[in-house]
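Asks: Sequence:
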Amino acid sequence: MPPRVLILRAPGTNCDGETAFAFEQAGGTVEALHVNRVLENPRTLERFQILCLPGGFSYGDDLSAGRILGSQLRLHLGDRLREFQAAGKLVLGICNGFQVLIKSGLLFSDEPNHEPPATLTNNDSGHFEARWIQVRRAGEQCVFLRGIEHMDLPIAHGEGKFVARSPAALEQLERAGQLCLRYAGAGECNLAFPENPNGSQLDVAGMCDASGRVFGLMPHPERHIDRTQHPRWTRRAADATGDGLKVFQNAVNYFG
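Everything in the sequence shown is counted per the numbering used here, starting at 6 for the first residue and increasing by one.
Incorrect hints may appear among the rest.
Each computed EDC-like pair below joins lysine to aspartate or glutamate, with the alpha-carbon atoms no more than 20 Å apart [what the hints assert, rightly or not]:
(1) K251 / E29
(2) K251 / E176
(3) K251 / E88
(4) K251 / E193
(5) K251 / D67
(6) K251 / D231
Since the hints were made in silico from the structure, they are not lab data.
Small disclaimer: the values here were computed from a predicted structure and weren't measured.
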């Protein structure tokens, strides 16, 4: 049986349809539920092997991006979500979902009191950035990135700058292999705008937890599933797929 995927949406989520389609194309069985349905019955999580928090502007990004939904998950579903992780299941957060993963502590379940060693804050440009960028995999830790070297993906965010709590925290995350997705460009590191579109430290575009099974990223892989979604698609091979599809295939095939 294909793994069951839960797309968890909230008021302001607007990428749930594209994300559901991406998982379906990868072979998953997908169900999208409003967070209130899961809050009413937390045991709902037991039916699924993959949890995905899609992009958008949950609760209008009031207070800060992802904070309200992240607080809901931490305060009302924290135990259930830790059980979900401990059972060897997968969690994916895309853009706003990445912000939620950080605010909820799901990416830092091994930290004392789940204290986040890093956060996502306002872009250095001071405004919303929307463009296509290139990213590269860094290390072998992340389940979702297996077999991927580079991807062309679109971004669309105002609070995507990755900043660690301290130089020591940044070094620890780097050493543990958790800074698994980086913006790519002509240089190897410390890229300038626009290759690094938000000023993230070490060009971080995504990170995983210590197990590699919880992954958050700012770019949108669900928006590059078909080659024709790329702005230069006519220059790509006729039998090529979109770069982002492999992310979802890796998640589905993890249970194969």
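Asks: Hints first: check each against the structure and report whether it holds.
Replies: Hints and how they fare:
no.: 1; hint: K251 / E29; in the structure: holds, 12 Å
no.: 2; hint: K251 / E176; in the structure: violated, 29 Å
no.: 3; hint: K251 / E88; in the structure: violated, 27 Å
no.: 4; hint: K251 / E193; in the structure: violated, 24 Å
no.: 5; hint: K251 / D67; in the structure: violated, 33 Å
no.: 6; hint: K251 / D231; in the structure: holds, 11 Å
Hint check: violations occur at hints 2, 3, 4, 5; the rest are consistent with the structure.
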